[in-house]
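Trainee: So you can see what is in the structure, the chains are spelled out below.
Number of protein chains: 2
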Amino acid sequence: MLDKKINELKDYLKKYEKLNQAIALIYWDMRTNMPEKAGENRGELLQYLSEESFKMLTSDTVKNFIEDLSPYKDKMNKLQCRMLEELERKYNETKKIPQEKYVEFVGICSNAEIAWEKAKEAKDFEIFKPHLEKVVKYTQEFIEYWGYNNDKYDTLLDKYELGLTTEKLDKIFNELKVGIIEILSKIKESSKNINRDFLYGHFNAEKQKELSLRVLEKIGFDMKAGRLDVSVHPFTTNFGNKDVRLTTNYHEDEFTSALFSTIHEGGHGIYEQNISDDLEGTGLQIGASMAIHESQSRFYENILGRSKEFCSYLLPLAKEYFDDFKNVSLDEFYEAMNYVEASLIRTEADELTYGLHIIIRYEIEKDLINGRIKVEDLKKMWNKKYREYLGVEPKNDAEGILQDMHWSDGSFGYFPSYALGNLYGAQFLNTLINEKPDIFEDLKEGKFTEINEWLKEKVHRHGALYTPNELIKNITGEELNPKYFIEYLKNKYYRIYNVK
Amino acid sequence: MLDKKINELKDYLKKYEKLNQAIALIYWDMRTNMPEKAGENRGELLQYLSEESFKMLTSDTVKNFIEDLSPYKDKMNKLQCRMLEELERKYNETKKIPQEKYVEFVGICSNAEIAWEKAKEAKDFEIFKPHLEKVVKYTQEFIEYWGYNNDKYDTLLDKYELGLTTEKLDKIFNELKVGIIEILSKIKESSKNINRDFLYGHFNAEKQKELSLRVLEKIGFDMKAGRLDVSVHPFTTNFGNKDVRLTTNYHEDEFTSALFSTIHEGGHGIYEQNISDDLEGTGLQIGASMAIHESQSRFYENILGRSKEFCSYLLPLAKEYFDDFKNVSLDEFYEAMNYVEASLIRTEADELTYGLHIIIRYEIEKDLINGRIKVEDLKKMWNKKYREYLGVEPKNDAEGILQDMHWSDGSFGYFPSYALGNLYGAQFLNTLINEKPDIFEDLKEGKFTEINEWLKEKVHRHGALYTPNELIKNITGEELNPKYFIEYLKNKYYRIYNVK
Numbered sequence: 001m002l003d004k005k006i007n008e009l010k011d012y013l014k015k016y017e018k019l020n021q022a023i024a025l026i027y028w029d030m031r032t033n034m035p036e037k038a039g040e041n042r043g044e045l046l047q048y049l050s051e052e053s054f055k056m057l058t059s060d061t062v063k064n065f066i067e068d069l070s071p072y073k074d075k076m077n078k079l080q081c082r083m084l085e086e087l088e089r090k091y092n093e094t095k096k097i098p099q100e101k102y103v104e105f106v107g108i109c110s111n112a113e114i115a116w117e118k119a120k121e122a123k124d125f126e127i128f129k130p131h132l133e134k135v136v137k138y139t140q141e142f143i144e145y146w147g148y149n150n151d152k153y154d155t156l157l158d159k160y161e162l163g164l165t166t167e168k169l170d171k172i173f174n175e176l177k178v179g180i181i182e183i184l185s186k187i188k189e190s191s192k193n194i195n196r197d198f199l200y201g202h203f204n205a206e207k208q209k210e211l212s213l214r215v216l217e218k219i220g221f222d223m224k225a226g227r228l229d230v231s232v233h234p235f236t237t238n239f240g241n242k243d244v245r246l247t248t249n250y251h252e253d254e255f256t257s258a259l260f261s262t263i264h265e266g267g268h269g270i271y272e273q274n275i276s277d278d279l280e281g282t283g284l285q286i287g288a289s290m291a292i293h294e295s296q297s298r299f300y301e302n303i304l305g306r307s308k309e310f311c312s313y314l315l316p317l318a319k320e321y322f323d324d325f326k327n328v329s330l331d332e333f334y335e336a337m338n339y340v341e342a343s344l345i346r347t348e349a350d351e352l353t354y355g356l357h358i359i360i361r362y363e364i365e366k367d368l369i370n371g372r373i374k375v376e377d378l379k380k381m382w383n384k385k386y387r388e389y390l391g392v393e394p395k396n397d398a399e400g401i402l403q404d405m406h407w408s409d410g411s412f413g414y415f416p417s418y419a420l421g422n423l424y425g426a427q428f429l430n431t432l433i434n435e436k437p438d439i440f441e442d443l444k445e446g447k448f449t450e451i452n453e454w455l456k457e458k459v460h461r462h463g464a465l466y467t468p469n470e471l472i473k474n475i476t477g478e479e480l481n482p483k484y485f486i487e488y489l490k491n492k493y494y495r496i497y498n499v500k
Numbered sequence: 001m002l003d004k005k006i007n008e009l010k011d012y013l014k015k016y017e018k019l020n021q022a023i024a025l026i027y028w029d030m031r032t033n034m035p036e037k038a039g040e041n042r043g044e045l046l047q048y049l050s051e052e053s054f055k056m057l058t059s060d061t062v063k064n065f066i067e068d069l070s071p072y073k074d075k076m077n078k079l080q081c082r083m084l085e086e087l088e089r090k091y092n093e094t095k096k097i098p099q100e101k102y103v104e105f106v107g108i109c110s111n112a113e114i115a116w117e118k119a120k121e122a123k124d125f126e127i128f129k130p131h132l133e134k135v136v137k138y139t140q141e142f143i144e145y146w147g148y149n150n151d152k153y154d155t156l157l158d159k160y161e162l163g164l165t166t167e168k169l170d171k172i173f174n175e176l177k178v179g180i181i182e183i184l185s186k187i188k189e190s191s192k193n194i195n196r197d198f199l200y201g202h203f204n205a206e207k208q209k210e211l212s213l214r215v216l217e218k219i220g221f222d223m224k225a226g227r228l229d230v231s232v233h234p235f236t237t238n239f240g241n242k243d244v245r246l247t248t249n250y251h252e253d254e255f256t257s258a259l260f261s262t263i264h265e266g267g268h269g270i271y272e273q274n275i276s277d278d279l280e281g282t283g284l285q286i287g288a289s290m291a292i293h294e295s296q297s298r299f300y301e302n303i304l305g306r307s308k309e310f311c312s313y314l315l316p317l318a319k320e321y322f323d324d325f326k327n328v329s330l331d332e333f334y335e336a337m338n339y340v341e342a343s344l345i346r347t348e349a350d351e352l353t354y355g356l357h358i359i360i361r362y363e364i365e366k367d368l369i370n371g372r373i374k375v376e377d378l379k380k381m382w383n384k385k386y387r388e389y390l391g392v393e394p395k396n397d398a399e400g401i402l403q404d405m406h407w408s409d410g411s412f413g414y415f416p417s418y419a420l421g422n423l424y425g426a427q428f429l430n431t432l433i434n435e436k437p438d439i440f441e442d443l444k445e446g447k448f449t450e451i452n453e454w455l456k457e458k459v460h461r462h463g464a465l466y467t468p469n470e471l472i473k474n475i476t477g478e479e480l481n482p483k484y485f486i487e488y489l490k491n492k493y494y495r496i497y498n499v500k
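Going down the list, the protein sequences come from chains X and W.
Here the first sequence stands for residues 1 to 500, numbered as in UniProt numbering.
Here the second sequence stands for residues 1 to 500, numbered as in UniProt numbering.
It is possible that part of the hints are untrue.
Stated by the list, open to error - In silico lysine to aspartate or glutamate, EDC-like type, Cα no more than 16 Å apart, as pairs: (1) W:Lys90 <-> W:Glu121; (2) X:Lys15 <-> W:Glu44; (3) W:Lys168 <-> W:Glu363; (4) W:Lys308 <-> W:Asp438; (5) W:Lys224 <-> X:Asp350; (6) X:Lys171 <-> X:Glu363; (7) W:Lys37 <-> X:Asp222; (8) X:Lys129 <-> X:Glu376; (9) W:Lys15 <-> X:Glu52; (10) X:Lys14 <-> W:Glu67; (11) W:Lys14 <-> X:Glu363; (12) X:Lys14 <-> W:Glu40; (13) X:Lys37 <-> W:Asp222; (14) X:Lys177 <-> X:Asp350; (15) X:Lys168 <-> X:Glu363; (16) W:Lys207 <-> W:Asp229; (17) X:Lys224 <-> W:Asp29; (18) W:Lys14 <-> X:Asp350; (19) X:Lys14 <-> W:Asp229; (20) X:Lys224 <-> W:Glu40.
Calculated from the structure, these hints are not laboratory results.
Make the full structure from the sequences, and use the hints.
Mentor: So this is what it looks like as structure tokens:
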């Protein structure tokens, strides 16, 4: 009976997956191909399919699967347990909110997104404020429906990173903050002068594309199971593990943006391509969490992509395409790729200071959701923290409080994933280097095979079979520990900036 | 009550439309963008969505709409009547076949398509024969379910061209056959020598693309509500009237193929873009029939696109892109574009001989479906008719009986639409010229506005609000009459070939 029921569930989940693949493909097309006038119809199309997907997830069929299977949990194998657990999680997350509330919220977010765009354009937080207030209010209400233990924000963290709490994250981020600020202050005292002029000039988009595609194949992205296209904001999406689509955006005035966003998205993409076929139709053929996903994109982008070893492969390649690098040495190239500067914009931040941008958002979100601060205080708070942690201050709201769109659709609790990705990545790296001390030598020849195999075996193939916490313990033998990332940063940046 | 019910039906049909738009978009992506390894998953995705679409069309909800609304037909306006009529047609066409039969048939066609590809590759009809026998057998069974009056083939014709019968079509095609053969025999006696050498050489694909896009915009295709991409076989698809997608295929060894397939698909596309917004969610925001659709593509491709007036606009443009045309005169260019040659391959046939290819298929299909000939006799029959009507004989099955894939998925009754498209087009042309005698002068300057407005007003905007028969009578004052096309052919080709 159990096997039969499990197979029925798998059939159902496979259909649910297919429907969501259709939505993802139609969304991808909207961002890459859609003609200008088709926007309204496309919105309706996506809304219709999303409603169907919502219905499938919150149906009595799902309720019955959960009720029928739950008594047999001790007879199930790991895969079956996780399958049921994830289904229950998603079902509850959706079902606990009254449908009319949810529909209202979707409308509010839709307006908030438009207001955010206008506000950013006008560099005026006041335009966005009333909308943000509503989004916060609804989010707080939703937390009441979902329930919480100690801290309301825990419920949001748990959505993106199963089992994560503010208690744990406070410790992690405090250690990270101290570490980054220590390194940053030493760098500020350094007399090292890094030249980046050769990264700016005119870089033909077609040539950038050729180079990006060559690098993408080199790092191990399978072009027979994926594509690289152009969109305003780079992203990765996939429809199963054999159709994984990345986008980038070529800026002709500088060299690194398109290439490294391609490598970043490539990391997400390689992860998706490597998830086991066996997980199809289980709801687990996805990344283990947002942070684990981000750990992979950042592993390829920063840990591998900006390593001195890979730079020594990349520089001659760059010279093939652009004369700008003719007289650039490996040291100059490597240092320019890893230039550190406390700055205002998160998405343009370097590997070192990036964490501080996230910690600022985390601290603000936590207080906001718990009602300790109000939306009207956000801007003051934001600017104060930027001054304090990074020593910079926004000249206007567009480069301050309005820079990210995440709050407009209520994605509170999401930002920490970005920073956690760096921590997971460095902890994976530590284990990798212990097991294979000379592995970075491969990068000098642009060889990624062995590293990819290791990541596939340890991380990728499992999809969401293990929780993030299980995964990091299985692989590294301990829970997430920020010390590995701080060590990695010190090792790298003290050397670059000649400090100790 | 009636209005309420009609609005409910519209809501239902709008959802059904959306689902089919999703399918069309996913299919388009498969033909243009999909990575190689994604084929299997894509097939499953399309199958799942097609099943959902099938369920929506054959649901009790639809049955109830039909039953509830049918008694009120005399109180409905034209739009409401046609809406119900088309729904009933589609419902019956699908519902009358037992579902298990239909599922078997889909499997048979899928295998037949693969067998057809192999057979064509091997140039061996024997590989395809057993599969075709099954497809024919099922088609004959389906006709029994659907019902028929005099001729079994009528049921198939009616699917693509509402109200068309073999009795009517025999007359039309006989007149057409006599006409074409008369013109063809005169051309064969002509001493006129047409040079086409300059159409062959090396034509850079990027340049062809630029030229095709320029011409596409000139003829009136709205690039803000559509796209042009590349696929192996050119086609047009759309998701509503504001997202219409054409494909073409650039062959670098010759000039006309990509350009004129772009203009052809552009004709289909302009039709779709011009269908009224008011028809959304009625099931009538589509072409009036396959043949009417084909009349528009051929109107742009042949009647306008290969006219001497448009050639005089096109030639200087072609010279901008390709030196090959440097010393080519307008007469030479125009004549090369309209070169007539009895040949073997339907898709490469000229405007004059094209009809004979269709008539051969029509005569064969009619006998085959009525059981007067067997699949094993097809090849002999095919070769005999090609010898008789066109004076050519296939050297192998790939350039004979296996050239088209239509039979592999049971599309019997579809071929006539192609030839009828030519007839409808010429009859529309006759009315247009009566109303606006000097209108072709516009084409010398690449101006299509007034012609497009006329076609939009008379044909396009109505979608499927009128049946093909109503449409041709409304516009030209009489039923479809092949004499207009024959007159058009005589006028054009007697002049080109200096005969009378």
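Trainee: Take the C-alpha atoms of Lys37 of chain W and Asp222 of chain X, compute the straight-line distance between them, and say whether it is at most 16 Å.
Mentor: Holds, at roughly 10 Å.
Trainee: Do the alpha carbons of Lys15 of chain W and Glu52 of chain X lie within 16 Å of each other, as the hint requires?
Mentor: Roughly 10 Å separates the two Cα atoms, so the pair holds.
Trainee: Are Lys308 of chain W and Asp438 of chain W close enough, with their CA atoms no more than 16 Å apart?
Mentor: holds (14 Å)
Trainee: Can the restraint linking Lys224 of chain W and Asp350 of chain X be considered satisfied, given a maximum Cα separation of 16 Å?
Mentor: With a Cα-Cα distance of about 38 Å, the restraint between Lys224 of chain W and Asp350 of chain X is violated, given a limit of 16 Å.
Trainee: When you check the alpha-carbon spacing of Lys14 of chain X and Glu67 of chain W, does it fall within 16 Å?
Mentor: The given pair, whose Cα atoms are some 35 Å apart, is violated under the 16 Å limit.
Trainee: Compare the distance between the alpha carbons of Lys168 of chain W and Glu363 of chain W with 16 Å, and conclude whether the hinted pair is satisfied.
Mentor: Distance ~14 Å between Lys168 of chain W and Glu363 of chain W Cα, so the pair holds.
Trainee: Compare the distance between the alpha carbons of Lys177 of chain X and Asp350 of chain X with 16 Å, and conclude whether the hinted pair is satisfied.
Mentor: holds (15 Å)
Trainee: Below or equal to 16 Å on CA atoms is what counts here, so check Lys14 of chain X against Glu40 of chain W.
Mentor: holds (14 Å)
Trainee: Sort out whether Glu121 of chain W lies within 16 Å of Lys90 of chain W, counting only the CA atoms.
Mentor: violated (36 Å)
Trainee: Tell me if the straight-line CA distance from Lys168 of chain X to Glu363 of chain X falls inside 16 Å.
Mentor: holds (14 Å)
Trainee: Given the proposed pairing of Lys37 of chain X with Asp222 of chain W, does the C-alpha separation stay at or below 16 Å?
Mentor: With Cα atoms ~10 Å apart, Lys37 of chain X and Asp222 of chain W stay inside 16 Å; holds.
Trainee: Hinted pair, alpha-carbon criterion (16 Å max): Lys15 of chain X, Glu44 of chain W. Please report holds or violated.
Mentor: Holds: Lys15 of chain X and Glu44 of chain W sit about 10 Å apart, inside 16 Å.
When the structure is compared with the earlier hints, violations turn up for hints 1, 5, 10, 11, 18 and 19 and for no others.
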